[in-house]
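Trainee: Now for the letters of each chain:
8 protein chains.
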Amino acid sequence: KRQGFPEVIYGEGKEPSQLIDISRAINAKQENVFVTRVDAEKAADIQNQMPAFTYDQTSRTLFLANGKERHQAWRGYVAIVCAGTSDLHVAEEAAKTAEAFGAEVRRFYDVGVAGIHRLFEHIHEIRQATVSVVIAGMEGALPSVVGGLVSHPVIAVPTSVGYGANFQGLSALLTMLNSCASGISVVNIDNGFGGAYNAIMIHQIANRSLSEVNTD
Amino acid sequence: KRQGFPEVIYGEGKEPSQLIDISRAINAKQENVFVTRVDAEKAADIQNQMPAFTYDQTSRTLFLANGKERHQAWRGYVAIVCAGTSDLHVAEEAAKTAEAFGAEVRRFYDVGVAGIHRLFEHIHEIRQATVSVVIAGMEGALPSVVGGLVSHPVIAVPTSVGYGANFQGLSALLTMLNSCASGISVVNIDNGFGGAYNAIMIHQIANRSLSEVNTD
Amino acid sequence: KRQGFPEVIYGEGKEPSQLIDISRAINAKQENVFVTRVDAEKAADIQNQMPAFTYDQTSRTLFLANGKERHQAWRGYVAIVCAGTSDLHVAEEAAKTAEAFGAEVRRFYDVGVAGIHRLFEHIHEIRQATVSVVIAGMEGALPSVVGGLVSHPVIAVPTSVGYGANFQGLSALLTMLNSCASGISVVNIDNGFGGAYNAIMIHQIANRSLSEVNTD
Amino acid sequence: KRQGFPEVIYGEGKEPSQLIDISRAINAKQENVFVTRVDAEKAADIQNQMPAFTYDQTSRTLFLANGKERHQAWRGYVAIVCAGTSDLHVAEEAAKTAEAFGAEVRRFYDVGVAGIHRLFEHIHEIRQATVSVVIAGMEGALPSVVGGLVSHPVIAVPTSVGYGANFQGLSALLTMLNSCASGISVVNIDNGFGGAYNAIMIHQIANRSLSEVNTD
Amino acid sequence: KRQGFPEVIYGEGKEPSQLIDISRAINAKQENVFVTRVDAEKAADIQNQMPAFTYDQTSRTLFLANGKERHQAWRGYVAIVCAGTSDLHVAEEAAKTAEAFGAEVRRFYDVGVAGIHRLFEHIHEIRQATVSVVIAGMEGALPSVVGGLVSHPVIAVPTSVGYGANFQGLSALLTMLNSCASGISVVNIDNGFGGAYNAIMIHQIANRSLSEVNTD
Amino acid sequence: KRQGFPEVIYGEGKEPSQLIDISRAINAKQENVFVTRVDAEKAADIQNQMPAFTYDQTSRTLFLANGKERHQAWRGYVAIVCAGTSDLHVAEEAAKTAEAFGAEVRRFYDVGVAGIHRLFEHIHEIRQATVSVVIAGMEGALPSVVGGLVSHPVIAVPTSVGYGANFQGLSALLTMLNSCASGISVVNIDNGFGGAYNAIMIHQIANRSLSEVNTD
Amino acid sequence: KRQGFPEVIYGEGKEPSQLIDISRAINAKQENVFVTRVDAEKAADIQNQMPAFTYDQTSRTLFLANGKERHQAWRGYVAIVCAGTSDLHVAEEAAKTAEAFGAEVRRFYDVGVAGIHRLFEHIHEIRQATVSVVIAGMEGALPSVVGGLVSHPVIAVPTSVGYGANFQGLSALLTMLNSCASGISVVNIDNGFGGAYNAIMIHQIANRSLSEVNTD
Amino acid sequence: KRQGFPEVIYGEGKEPSQLIDISRAINAKQENVFVTRVDAEKAADIQNQMPAFTYDQTSRTLFLANGKERHQAWRGYVAIVCAGTSDLHVAEEAAKTAEAFGAEVRRFYDVGVAGIHRLFEHIHEIRQATVSVVIAGMEGALPSVVGGLVSHPVIAVPTSVGYGANFQGLSALLTMLNSCASGISVVNIDNGFGGAYNAIMIHQIANRSLSEVNTD
Ligand SMILES: Nc1ncnc2c1ncn2[C@@H]1O[C@H](COP(=O)(O)O)[C@@H](O)[C@H]1O
Ligand SMILES: Nc1ncnc2c1ncn2[C@@H]1O[C@H](COP(=O)(O)O)[C@@H](O)[C@H]1O
Ligand SMILES: Nc1ncnc2c1ncn2[C@@H]1O[C@H](COP(=O)(O)O)[C@@H](O)[C@H]1O
Ligand SMILES: Nc1ncnc2c1ncn2[C@@H]1O[C@H](COP(=O)(O)O)[C@@H](O)[C@H]1O
Ligand SMILES: [Mg+2]
Ligand SMILES: [Mg+2]
Ligand SMILES: [Mg+2]
Ligand SMILES: [Mg+2]
Ligand SMILES: [Mg+2]
Ligand SMILES: [Mg+2]
Ligand SMILES: [Mg+2]
Ligand SMILES: [Mg+2]
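Protein chains in written order, with my numbering: chain H, 1 to 216; chain F, 217 to 432; chain P, 433 to 648; chain U, 649 to 864; chain D, 865 to 1080; chain B, 1081 to 1296; chain R, 1297 to 1512; chain V, 1513 to 1728.
Rather than coming from a laboratory, the hints here were simulated on the basis of the structure.
Bear in mind the structure is a predicted one, so any value in this text is a computation, not a measurement.
Ideal placement from N, C-alpha and C gives every residue a C-beta, glycine not left out.
Treat each hint with caution, since some may be false.
Straight-line Cα separation of at most 25 Å, DMTMM-like style, residue types lysine to aspartate or glutamate; simulated pairs [said to hold, decoys possible]:
#, chain 1, residue 1, chain 2, residue 2
1, D, LYS906, P, GLU473
2, H, LYS14, R, ASP1335
3, V, LYS1554, B, ASP1119
Cβ pair distances, simulated, as ranges [said to hold, decoys possible]:
#, chain 1, residue 1, chain 2, residue 2, range
4, R, ALA1321, H, THR54, 55 to 65 Å
5, P, SER449, H, SER17, 54 to 64 Å
6, H, GLN128, P, GLU447, 25 to 35 Å
7, D, GLU876, P, ALA476, 25 to 35 Å
8, B, ASP1190, U, GLN695, 49 to 59 Å
9, D, GLN913, V, PHE1632, 50 to 60 Å
10, B, PHE1200, V, ALA1577, 33 to 43 Å
11, B, GLY1156, V, ARG1587, 28 to 38 Å
Which chain H residues stay away from chain F? Per the calculated CB distances, all over 10 Å, these [as the list claims (entries may be wrong)]:
#, residue
12, SER17
13, ARG24
14, ALA44
15, TYR55
16, ARG75
17, GLY76
18, GLU139
19, THR175
20, ALA181
Isolated chain H (complex conformation) (with noise of 0.2 Å):
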């Protein structure tokens, strides 16, 4: 665990007595707790033992502040880009996990590549960012995309979102690994979380060099 930053649980498979048990082991030392893979009644569950987690139904993340300011504010963004509804539960386990790391987020949500147009009208302000976390189910082609269009680093998510011989996600991640464009780097199916953790240990290079500088 970095200084600041939130703890993180992974929820799948956790009992809500032992996530509760976990949680309070990480408040008690005064810091964030995140966790991720959380379905709304096991959320219920936990929150009914500790309202103080806020619970989101998309990302079926948790989290709990603490109170404490994390870090000075990061300078720059983290661009989070996907084709649509599909992949949204995966594009907001990225957004929302770059948040609980105090990173601002700005989501690019239907910009696929079979109306590559859409993706042409935000391409600037995805461009700024200091890194992209890129999420495609289907054929998932994206990152390639963005990828040939911007010179950070882009972080790729597949998505098992598709069917027949999407082969839950197979197809979107050899995509992805075959992607021709440099600059992309790829993390499992549906690892949303995986995604923006890549993301924000690049934006915190980016920041920390700054601050580093700054305080001298």
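Got chain H sorted already, so can you dock chains F, P, U, D, B, R and V with the ligands onto it with the hints?
Mentor: Chains F, P, U, D, B, R and V with the ligands only, in chain H's frame:
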């Protein structure tokens, strides 16, 4: 075999002597002969015996015209679209096939998704085609992007160009099958012939209707 | 979206409320609305709010006609060919799609390769179609046989019907991609919509030429 | 080994000297010797030492008859059915195997599903066989069609002939395993020997019964 | 359908009402009806309307005999061989199928390769069968061992029983296709019906010859 | 292409003459040229014509510096981490790429997970890097272990080194995608170039911020 | 079954009544009974009839001790090593199995490769074990690291814990099979029982030798 | 490396000069050197420089004994079991490895499951071994059968021997992982070295206990 079209021989796995025998039989019926998947050495052997054959090394095809006019000139053209040097063999197999069937072909060969502005420079001309054959290896995203920009049918041809998680073209194949753009159908990996053949059938429909009407 | 065609919504993974919002927006533009992948329960929810929608259970589609004439009647028909009861959902998704786009559809639904005489009883009528959509699960051999018997384009739709070494439609998909009949192109497993959409594009080309000429 | 049948050696991966040693030992017992998977060069080495061997290049088999009458002539014949030139190696491995075991073989070699009329020209004669061995590469649909037309057992042999999404015969293998025609069972990819061996066991059953009865 | 045999309906994916309609039509022709892949609930629905149907829960089959004698009694028996309790559903689908077609069936159900002495206790009786249907899940090795011990044809049926690297029967399927014992052919995973149907065709050949001769 | 960076050519599948033409065009613009995937023979052909090229056999890269200073020296270094001799080709492709872009590279080449003490001897120095490129074949576990020990981004590069159940790098690729350490993203199998390129983008971010600030 | 060991029943797919019958038969022979893969509901049914059974929910096992001393106490212990909460079911299946066979088990359950210092805190005690069973899901790297640190045999058990490119445990399985540490062998995905059984055989060898010698 | 054991070098992908350097360094420490995966040509190069090396062509191994007694003679033997000529390379890699580590090896090399009586002729002697390494290609069923007949640990080694649906050893690998016999663990495809190494660790445990006791 349709009227006025060349007879096509699949050259792979056939001996020069077999190819010569079949070609002579076709030629005797005063038909054009078109042979695919012929390497340079095999082509030389055949041309030795049948110097009327023209060999094209990039597409690995042999063509023998018997001089008869196949059909009155077709209107419109077929667009062959691909990303660059590596898919050239397959793209040219498609282009030479379409030409052997009497279509005008326009080639758009340097328009990959990682440098999408080059596609945009040509998109107006691609849009005017009757049908597009879009060839792509590696991540295979090009047909999705083209399909979103044109309103005619797109025949997508995945190629085996790539390495690693490309798995001999599987990556591009899955991408194309999962395309979120409508109006895309797919043929086998590296099947430039098949891509062009489907395009020709559509090109013919457009022209047949016209000419039938014209002859009224 | 092409002129005079319905707007199509992919219903899977969308909430009834989302589908209603989108449908109302389209309807307000006086366009027809066609929704695929809607189960009976979701359809009932939507019809409750928008009783003008017609639901078809086999194809799992909703259709809402806005009363405007889409286009002058098309000549010719699209053949939808499949083997039997098990692929009916996908075949009807294709048929209803083609009809929603204004085409006449002829259904040939009991013509599997294991009883090939039934195919032959209908082959004359299939041959007269502009284009065929051939749907098959299990071994997926039907498009190859049809493709060898007709001289128009065949759009092949593999289905996930089968068990064991079918691997959720992979078997039928590979069969169709490897077809030794020419003039066959393939869409994703269970993608009846996509199969029909490609057919409609071709059907439109045949008709457009005619009508353009007619209006001269 | 069954009585009166040749001993069969799988030649792949064995040295000429090993094959010669085994062959001599069998010959010494006055048995016929049948060797599969022998390329031309290896065959020449062996014939050099044992000129009594007959080599067949297409099937890549060696046969050495010891002159003894194996059994009284069998009634009926085995049909070997395949699509064309590309599967010939496997089809002939099957045919030569069946002949080495003493069966009459009838070859039907140009009857692929993409040109199904050629199958129909021969179907009466195929139907009269005791059993059919049906060999197919690429999409592998032939056994399904044949199986639907005959009422004897069909042994299906997928071949590795094809490219791209054929995946070295996987496509044809899955097709055959998923056949919706009854009465089809499958052996390994390219296993012409195995296809014929199963056919011979059935052919023998038909004949044994007869002869047992006859000798009463 | 062969003379005197029941008509077989594949029950999966068909509604009770559909199954009843088809069954009544067959029964009206005075044929026996045999339905596979019917769960207990669906069977109860059908029996409610057609109480003449007998349901067998283990094999999930329905049988309706119309009282006519199918054929004179067959000589010999079919061996159904499997390892134990887990493959019972598939083994009984095979056994009930063979019985529905009029064959005597002998069951050898506790003879897995990990305790091979139990196979040896029964091997003499298995050897006397006309043909064996050998069913196995997990590693699927039983057909190889049986095939090495008997000299009649073995029809191998892989099952999806297992977990982990079993991949829903893929493991057993590959094992059987790669068997180094001769005289083994394979049907689809869990296809007990198909295994028995192939066995019946062979059993019929043995008997037909006899009876044809007898009637001379 | 980013300012001051070399132009990179993917050498695989391109003829020497093609590579020379492209290189000359780049050189004419006074840019550095960096070519990957060039075997020794092809390199010799090119050096024959353009002796200014330096060839490195392990990494299979060609470099041509045009003498201009790319940028002021960067602070910090990129760590290239791998297990040993077998992954050297890929590791050096990464190292030479990073150097061609002007970064200082530190190599940690004998630190596989099976002898983890060697990793610990160097971990302090690895931790000081801006970013790590971690290359591993066989089981591909190294990035997980490194990722758990450092707090900067890890770019993981699976290699195709291994045999059997390695499946040409699939094993290492899946391992890396499933890493339970945070802060790891993955590029294609054997893509040393891609791994380094992503690292360079991050390294540049760290330095750009600094220099931007410095120039204030 | 080895002397003094419990009889083990694989509970999956067996009815409570079947399990009770088998258990009673074993108990009648005065043997201990150990049942794996029993969910809580099924366990309750069985305990209802046979209250002597002890059920453990985490490992999903039932144990019934018949009171007889199995063997004199064994020296040494078996180490069960895994990363954390998610693999607990499989780890405890292994642990309870080893205990049912009479071994002392030491559990090391929070030692994943992403936080390798926790492994190092316990490595001395792990090294003293006779044999280790190392359980891991996701990337499955733990056995490689442990194998490099201990000099006794490591039995690696991949689990299906993970998501996306984990493919139900395939990722961990391949990792373990490709381990570059020597002295690791692998059992099926989620096969905690199998992992422990192999460990027990080795533990017994160590002890048997001792005791045999002692009794001299 | 354990005391008194040879140092093992994995020869694949290493240059003769590299192998010579490593070997000399080991030899200088007065350790035995054992090199695996060395083809005949590479071996000749090395022996040219270091004539003390003994090369074994079947196992493709080099051994250099430094004359020191490794350990007092071990009691018992390791059984190496396989089906026949095709798996010999892998079996001998295992056998030579075990011998290089000082164990007595007994070879049982003609005992495949398709002719199981040959296994039974030797089963008594196999049973007496401390541990068995069972090697099998094609269907890979041998370890299951052996595992059911012996009560010591079985290390199973799948080989890539086979064709078609063997998929380079995948078939045998899956068979072994799914074995229904207990006491079997598996190493990588063709990993004869690994199979033997695991066996040696067990053999050593049996002997160490004895000798430790003896020295008391
Ligand atoms: N959605 C997610 N997907 C993958 N990894 C996650 C996710 N959420 C959290 N994690 C990782 O899981 C770790 C916590 O795992 P655990 O100790 O099981 O709660 C965190 O530090 C993250 O690295
Ligand atoms: N490159 C190709 N790929 C796939 N199919 C082809 C190719 N070239 C020709 N064909 C098809 O193969 C048929 C001829 O096959 P054959 O009778 O073996 O020569 C032609 O009619 C085409 O349908
Ligand atoms: N059943 C279907 N399968 C695949 N694509 C579909 C299907 N139905 C609709 N679509 C496509 O999905 C688009 C609408 O997607 P959406 O914006 O998510 O509603 C339509 O324009 C169609 O191209
Ligand atoms: N044939 C083999 N297959 C797999 N691993 C081997 C083989 N031979 C040797 N090894 C392992 O490779 C290690 C040496 O690897 P290296 O340092 O690359 O020479 C040895 O200690 C063995 O653990
Ligand atoms: Mg970029
Ligand atoms: Mg379009
Ligand atoms: Mg056709
Ligand atoms: Mg039939
Ligand atoms: Mg046999
Ligand atoms: Mg880290
Ligand atoms: Mg070790
Ligand atoms: Mg055993």
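Trainee: Looking back at the hints listed earlier, which ones does the structure fail to meet?
Mentor: 5, 11, 18, 19, 20
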